[in-house]
Structure formats: structure tokens, C-alpha cells
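Heads up: the protein sequence lines correspond to chains A, B and C, in order. No gaps in the numbering here: position 145 of the first sequence is 145 in the working numbering, and each next residue is one more. No gaps in the numbering here: position 120 of the second sequence is 120 in the working numbering, and each next residue is one more. No gaps in the numbering here: position 97 of the third sequence is 97 in the working numbering, and each next residue is one more.
These aren't lab readings, by the way, just hints derived from the structure by calculation. Among the hints, erroneous ones may be present.
Copies of one chain are not kept apart here, so a pair can be met inside one copy or by any two copies together.
Here are the simulated DSS-like cross-link-like pairs (lysine-lysine), alpha carbons at most 27 Å apart as the crow flies [said to hold, decoys possible]:
no.: 1; residue 1: 201; residue 2: 131
no.: 2; residue 1: 160; residue 2: 131
no.: 3; residue 1: 224; residue 2: 201
no.: 4; residue 1: 201; residue 2: 67
no.: 5; residue 1: 67; residue 2: 25
no.: 6; residue 1: 160; residue 2: 57
no.: 7; residue 1: 160; residue 2: 229
no.: 8; residue 1: 112; residue 2: 57
no.: 9; residue 1: 2; residue 2: 43
no.: 10; residue 1: 239; residue 2: 57
no.: 11; residue 1: 201; residue 2: 25
no.: 12; residue 1: 25; residue 2: 224
no.: 13; residue 1: 229; residue 2: 67
no.: 14; residue 1: 43; residue 2: 239
no.: 15; residue 1: 172; residue 2: 201
no.: 16; residue 1: 239; residue 2: 229
no.: 17; residue 1: 201; residue 2: 57
Keep in mind that this is a model prediction, so the values were computed, not measured.
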Amino acid sequence: MKMENLPVNSLSLDFLTEFLISLEKLENDRGCRGVILTSGAPKIFSAGLDIMEMYGKSAEHYAEFWKAVQEMWLRLYQSNMVTIAAINGSSPAGGCLMAMCCDYRIMAENPKYSIGLNETQLGIVAPFWFKDTMVNTIGNRATERSLELGLLYSPPEAHKIGLVDQLVPEEKIQSMAAAVMSQWLAIPDHARQITKSMMRKPTVDRLLTHRESDIQNFVSFITKDSIQKSLQMYMEMLKQRKG
Amino acid sequence: MKMENLPVNSLSLDFLTEFLISLEKLENDRGCRGVILTSGAPKIFSAGLDIMEMYGKSAEHYAEFWKAVQEMWLRLYQSNMVTIAAINGSSPAGGCLMAMCCDYRIMAENPKYSIGLNETQLGIVAPFWFKDTMVNTIGNRATERSLELGLLYSPPEAHKIGLVDQLVPEEKIQSMAAAVMSQWLAIPDHARQITKSMMRKPTVDRLLTHRESDIQNFVSFITKDSIQKSLQMYMEMLKQRKG
Amino acid sequence: MKMENLPVNSLSLDFLTEFLISLEKLENDRGCRGVILTSGAPKIFSAGLDIMEMYGKSAEHYAEFWKAVQEMWLRLYQSNMVTIAAINGSSPAGGCLMAMCCDYRIMAENPKYSIGLNETQLGIVAPFWFKDTMVNTIGNRATERSLELGLLYSPPEAHKIGLVDQLVPEEKIQSMAAAVMSQWLAIPDHARQITKSMMRKPTVDRLLTHRESDIQNFVSFITKDSIQKSLQMYMEMLKQRKG
Chain A
1 MKMENLPVNS LSLDFLTEFL ISLEKLENDR GCRGVILTSG APKIFSAGLD
51 IMEMYGKSAE HYAEFWKAVQ EMWLRLYQSN MVTIAAINGS SPAGGCLMAM
101 CCDYRIMAEN PKYSIGLNET QLGIVAPFWF KDTMVNTIGN RATERSLELG
151 LLYSPPEAHK IGLVDQLVPE EKIQSMAAAV MSQWLAIPDH ARQITKSMMR
201 KPTVDRLLTH RESDIQNFVS FITKDSIQKS LQMYMEMLKQ RKG
Chain B
1 MKMENLPVNS LSLDFLTEFL ISLEKLENDR GCRGVILTSG APKIFSAGLD
51 IMEMYGKSAE HYAEFWKAVQ EMWLRLYQSN MVTIAAINGS SPAGGCLMAM
101 CCDYRIMAEN PKYSIGLNET QLGIVAPFWF KDTMVNTIGN RATERSLELG
151 LLYSPPEAHK IGLVDQLVPE EKIQSMAAAV MSQWLAIPDH ARQITKSMMR
201 KPTVDRLLTH RESDIQNFVS FITKDSIQKS LQMYMEMLKQ RKG
Chain C
1 MKMENLPVNS LSLDFLTEFL ISLEKLENDR GCRGVILTSG APKIFSAGLD
51 IMEMYGKSAE HYAEFWKAVQ EMWLRLYQSN MVTIAAINGS SPAGGCLMAM
101 CCDYRIMAEN PKYSIGLNET QLGIVAPFWF KDTMVNTIGN RATERSLELG
151 LLYSPPEAHK IGLVDQLVPE EKIQSMAAAV MSQWLAIPDH ARQITKSMMR
201 KPTVDRLLTH RESDIQNFVS FITKDSIQKS LQMYMEMLKQ RKG
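This is chain A alone, in the form it adopts within the complex (with noise of 0.2 Å):
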């Protein structure tokens, strides 16, 4: 599955819509026991939340937004299928959450890359789902020193504390990612999943009791003037540093 929205892959409302749709057709195909995320964007695996669904908006576009990056999360996370992630760029924010729903994780060896929950660099806060998510992959501590310096890590970095599973040279992350698979089809689908639904449904029961909150938590926080002032200071950096 090769994510396609140029130039930075943005999770935009039209992109998580379309992801989900694609992501449920190879769910349901029985044919299908697994998927290998990658990008077909250069040097960015996904930029994450499209800031523009974030700023300028209503508040039921807000609340429509959240509940397809919800969605994203909740039908990734608990994929029956095999999930691999090719992380052959930059990865930040809901990049880097996309990469943990997965199952393995590979990232391309170059040093211009980076991957991480940068969001409190933003001055904006990462749910506590995307919290729940790092805390299972890296641990705690980690946890709460990546969120509360909002940091980014070099490939080295993110494979020793646990955020990616593997480094390869970038031209061999397809085959890599491929070979990776192939170890993972090997087990029973059914006793895998039953595994990994025990490992990931408390976190995923989590966000499901608190769906709604969590929806007007967000709206309430990205309506405040102080956020999206902060959304635009960013966003004319963004325009500057192209210029």
C-alpha cells in the first residue's frame, strides 16, 4: 500500500477517507493476509495531520476531521492483517502514529530522516491515544520525554529506543520489508490474531469509551484563538522556509 497525497503525504480528511476505504477492501479480501505501508512520496513517509483541516474551519468540520483520524487509528491499530511499515522518510506526528499501528517497523538508514510525536513543538498536545500507542511501542519514560520535548529521532536514534524495529540501507527497504513479511505469514493468521487483539484491544477499549469526549476535546482546543494563531505563526514558517 503505497501512500500517495504530494507532495508530504498530509493526512487531509479526503486522504484518511480514502486510506480507509482501501485499508477495509484488503481487510476483506480473504486473499489478503497482509500489507506493507510505504510512501510513494520522496524523502517523506507521511507529514501527518494536514494543519489546513485544522485551521479556518467550523466546528463540525473540526469534529468530522478527528473522527477519520480516529478511525484511522482504530482500524490500523487493530488490523487483522499482517502490518509492516516502510518508512523510507520523514515520519512525523500522525506520520510517526500510522508507523506504530504496525506491526513491524523498518526505516530507511538516511540521516535527513527523522520520525517522532513532534506535536508539543507545534504548541498543540497529542491525544492521549497517540500516547497509549508510544507508551506500548518505546515504554514510559521514553514516552514522556519524546512528547514533552516534542522530539524527532535520527534512524539511530529511533532503533535504540525501540521506535523502529530495523534499519536498512534505503534501497533495500522493499525487499527487506518483503523478506520481514514472509517471517510473519508463517504463523497461524488465527492464533495471531487472537494474540495481537489481546495485546492492543485495552488500548483500543480506551479510546472507544472515550470516543466522544475525545472528539470535543480536540474541537475545543483547536477553536481557541491562542492554537490557531500558533497553527498560522507555523504555518507562514512552512511558506518561508519553501520561499
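With chain A held as given, fit chains B and C onto it using these hints.
Just chains B and C now, with coordinates in the frame of chain A:
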């Protein structure tokens, strides 16, 4: 305490019953403050649950067997004594569980030995309290990967992820276990026991709360045609290996 | 914030009260966004809870003392400021707890210094919220071993298991703490504070829910004859060492 149920220390119902009686005797012997768990069988610590107890028997038998497995875990994980595993052979599945129940794990540095919860490889699933015990030992992410793939680790790998605490040359394992025991016995029993209970009680309470449903789960899972067939194939493979 | 309760920064009731007042002043000072916690005593960060407050006093005194210890933890662990521990000396028991409450820990690379929750060595038991704080810092298994054996770690060992984040030569500890503080203060306060609260609130809530019973526990434990005798023996040993 040297386990001897030759050839491979399978945890049969008889063996578990005998084990529980021996453990209780030591537990009630005020002169005994610690126990070293090791194997009298060559090259194997324990092969885990006896497949013969899970194949072609009645539902009543499965329930009785599973209750004994639960009881073994409950007693060993909460033992008031200092428990040290001297892992002098391979230790898959239930054998790994026994080792993880101890306060400290020393493994012989023999490259032919391996340790891990490999249930999914046989098409079956480790129950939640096996999973909880492993999460308590090596953390969430390493457990997730271990259980989904049914991984068996070599001694250096097991040491690296924290599944065992120490590696020693095979001929020194008993003397090292005795030395470590002295270190643990230097701590006042009362303070150590309260601390151990504080660390482990929440995990124990989860099984106590769901003990009956866990037995029902096991019985309905193991009596499935597909699972019985998987076990049959596995036993035939074992026979062929021997032959 | 330099602790000076000579000779060893024992956490007496008076010292805790003064500490809480100072911390609250800084917390309410809008010009103060971060605090570096360090020691003015030679060779010791803090010796932990003052044994004199736990020996030969009334139940009312014990209850008042314990409430102050709880209060110190509640305030420091949830501080809105960036808190950095510059551990310029040994830091057993309650001293280790204070360090673990901070957002970041830097320790002087002096082989004579050690850090850890060594309560069981004195025959007493770290309460559940000491344990929770350690689990949040170094994970479940390392905590279990640390607490059961009452381990004190050398600086390199403490760094290896994640009990401290960074080691520096002793003469550079204050300048390094200032440099790290700049890094943390570069993050918008609001986003960092919400994130910190999200990470730590569940742990804090556990004590708040059981605060009274935790005080009762402490009082009934510390008033036991056997415990009073243990503490007396420990104090005599300390006196002899000095002599």
C-alpha cells in the same frame, strides 16, 4: 528443586500435582527461605504443557488440567520464598512461564538452548496471564512481537531483551544460582515479601477475577476441531523428528 | 533550588515544610518557568526520609510526617515548572524519589555516589507510589529487582537502566543542568504542561484515592515493635560508622 519428569519435563497433570505438593511443603517449612528451580533432564529445562493432556480428552479433563496450570502459576508467581530459575536447557512455552515466575533467571550459555512463549507457532494462543507475566518481565513491545511470532530466543538474545537476567557457562550454573541466592537471602524476608506482593498482586488478581471464564475459554478453544487437528499434526511432526 | 539541611539533607518534617513553601512560591511566580534541584551538602543529594521522624514518636506525629512526604511527592511530581535534578551526591530512598519526580536527571560521574530505593535493606518497604514512580521511570522488571533487593546503583549502572538520563563530570553538573533547562524551556509551556499532566495524572490519582489508607498503613507499620527495633539497630550502625 530439581524437576525430573523424563524425558523432557512436560507439565502433565500428574507432574503439576506433584510439583504443587512439593512447593507447598517447602513454603510451609520455616527453615526453607529460598528455592532454586532447575532440571534433571538433559538439555531441557521444561518442554512446557504436556500436549497429551490437551488432545483427545474430555472437557472435564481439560478443565481439571487447566486449573492445575493456573494453580502452578499462582503459587510460583506469589511464592514467599526467593525463587531462582537455573535454566539448564531449553525452555519453551510453559517452561518459559515457570522461569518467568521466579525472582531471578540464570541461563546456561549453550547455543542449542532456547527460551520463549512459542504458542502461536503451534496454532494456539498464550492466555492473558502468560502475556501479563511476560509484559512484567520484558515490557509491552517485546512481548507483542514475541507472542505474535511465537519467538524462541537464544541465550544471548534472551539476555539482551531481559527475558533472563544472567548467562553463565553451563558447568557453573548451579554454583552461580547458589551465589545469587545468598545475595537475595541477605534481605530481610518480611520486607522482601511485602515488596514482591506489591509488585505482583495486581497481575495475580486479574486471573483470580477471571479464573472460571479462563478455564471455560481454554476448554472451548482446545475442543475445537481445528485446534485438535493442529495438535495432532504437531505431535506427528514430533514423532517423525524422533524417528 | 539548592537543598541545605546539613549534614545530609535528611527529609525531616521541618525540611519538607520549608521545601513545600519554597516550591509553592516558585510555582506561583510567573517569571519562574523551571527549577534545578540540587544539593548544597557535600557528597550527598539527599539521604531520604529522616529516620528520627520515624522512631520513638507518637502516631499523630507519624501521620503528620507521612502526609508531608505525600505532599512533597504530589507537588514535585506534578509541578507545572520544568524540573531538573542535578544529582551531585548520593541519593538513596526518599532522595531517589525526589530525583525521579523531576522531568530530567543529570548525575555526577563520581564512583562514590549511588542512587536507588534501598528501603528493604533497612527492613522497611517502599510504599506503592514510590514503586509507581520507579516503574514509570525504569519499567516493571527493573523496579521489581531494585525494590526486592533494595539496590543502590553506581552512576554508570543508574544510567544504563534509565534511572538517570545523563552522566557528567562533577564540575560540569550545574552548567549542564542549565543547558538542558534551556532546551526544555524552548517548548511552549502550555503544551508541555498538558502533556506532563496526561503522563502523570493516573499515577497521582492512585495516591489521591488511597491517601488516607496510605497514611494509616504507614502509621501501623512504623509503630510495630519489630520495625522500631530494626530502625534502632540501623541508627546504631550509622553511629558506629561515624565513630
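Compare the structure with the hints numbered earlier in the document and write down the numbers of the violated ones, lowest to highest. 6, 7, 8, 12, 15 and 17
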